[in-house]
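With the hints in hand, could you dock these two chains into one complex?
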Amino acid sequence: SQTIHQWPATLVQPVGSPLSLECTVEGTSNPNLYWYRQAAGRGLQLLFYSIGIGQISSEVPQNLSASRPQDRQFILSSKKLLLSDSGFYLCAWNRDHGYTFGSGTRLTVV
Amino acid sequence: SQQGEEDPQALSIQEGENATMNCSYKTSINNLQWYRQNSGRGLVHLILIRSNEREKHSGRLRVTLDTSKKSSSLLITASRAADTASYFCATDVGYTSGTYKYIFGTGTRLKVLA
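So the sequence lines, in the order shown, correspond to chains U and V. Be aware that the first sequence starts at 1, since it is given in the numbering used here, and climbs by one per residue. Be aware that the second sequence starts at 1001, since it is given in the numbering used here, and climbs by one per residue.
With the rest of the complex left out, here is chain V (with noise of 0.2 Å):
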């Protein structure tokens, strides 16, 4: 089963709103990572956050992590339609063999509309 799990599946907003994406996840981690995929297109990194953090920002973007409950939020200010793609968790389930594995969730796409 995925280690990720992405809530909501799909999110449509207008332009000039905020985006809010959440991530469950099932096991302890070390890291939790947040990455955007344009349709067809390979996986852009976006932000990392450490178990120890609670929050995060980049830009727009803002990353928040809640160890006890096993979640995580990203958060999009001021949409634009360059925005709309699909975003995707992942965490570390281990490191084991020389080094860390990644689990991704199933993903939110966002469409952002003009």
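Bound conformation, chain U alone (with noise of 0.2 Å):
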């Protein structure tokens, strides 16, 4: 069957330190994924896609980036964090009828 996993769900970490998020589909091959975020109530703003291995493209320029090591693995990482990356982070993977989303995760800068 194909499924998309999202790690870890929930995260807590320190201004100042890094962070790698990954995101793995299952099921398919060359999907076309994405990253977007969530703040508290709001809509979700689109980060980073991808539609194949090393292959990233950037919708806003921010303290993030993304990397496509693998056909089914797609990561979203900072070196440094700021508190305004705070927020819901999810993965999608774009199938004919729509997203498939990942169960996202709660990050929260202190």
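Any given hint could be a false lead.
Incomplete in silico selection of chain U near chain V, CB under 8 Å [claimed, not checked]:
#	residue
1	Thr28
2	Arg42
3	Leu82
4	Ser86
5	Phe101
6	Ser103
Here are the computed lysine-lysine pairs in the DSS-like style, where the Cα-Cα straight-line distance is at most 30 Å [claimed, not checked]:
#	chain 1	residue 1	chain 2	residue 2
7	V	Lys1026	V	Lys1111
8	V	Lys1101	U	Lys79
9	V	Lys1101	V	Lys1056
10	V	Lys1101	U	Lys80
11	V	Lys1026	V	Lys1070
12	V	Lys1070	V	Lys1056
Simulated from the structure, these hints should not be mistaken for lab results. Owing to the predicted nature of the structure, the values given are computational and were not obtained by experimental measurement. Just so you know, even glycine gets a beta-carbon here, dropped at the ideal spot from N, CA and C.
This is the structure:
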């Protein structure tokens, strides 16, 4: 079956610490993958998307970066977290009928 | 600015009533999608309507699309307490770099009272 996994579910990190969030897809090959961020009570902001290994498109300049080291793996990173990086991060896979989202990571930067 | 804007921002109804949410967007689209998000969870895809379609049904959901007005509505009939969630519309903003990109609205928070 085709599924998308995202971890960890929650994360509390101090300001200035690094970040690595991982997203993996099962049951398909060459998926289009996306990272979105949702601020509390707000809509989703598209951060990055990738159509293949090593291919990353960035939507907004920010403190974050993304990588696609393997076909079904999409990683969101930061070298030094800011308070403003707090939010709910969602990985998504674009299928013909729409997105399938992961369960999300709630990041709190303290 | 947001491509899609939902209206109302919040909606509270009694169980059994119908709930209608609206979405307006700014540019031409190929399709529009509606998603549901339970508190603290990921989004779940509900329905996709293409630009050449005017209405689509899925169970208790009815979606309409008016491309001349750049708007869509989501109707949930005979609402249940379990329908309590936030609902988002998403519109594609073009095909670039080998994929469609979708922009989400700010959502409508629906509360169904038992």
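These are the hints, each one checked on the structure:
no. : hint                  : in the structure
1   : Thr28                 : 14 Å, violated
2   : Arg42                 : 6 Å, holds
3   : Leu82                 : 23 Å, violated
4   : Ser86                 : 14 Å, violated
5   : Phe101                : 4 Å, holds
6   : Ser103                : 5 Å, holds
7   : V:Lys1026 x V:Lys1111 : 28 Å, holds
8   : V:Lys1101 x U:Lys79   : 26 Å, holds
9   : V:Lys1101 x V:Lys1056 : 22 Å, holds
10  : V:Lys1101 x U:Lys80   : 28 Å, holds
11  : V:Lys1026 x V:Lys1070 : 7 Å, holds
12  : V:Lys1070 x V:Lys1056 : 16 Å, holds
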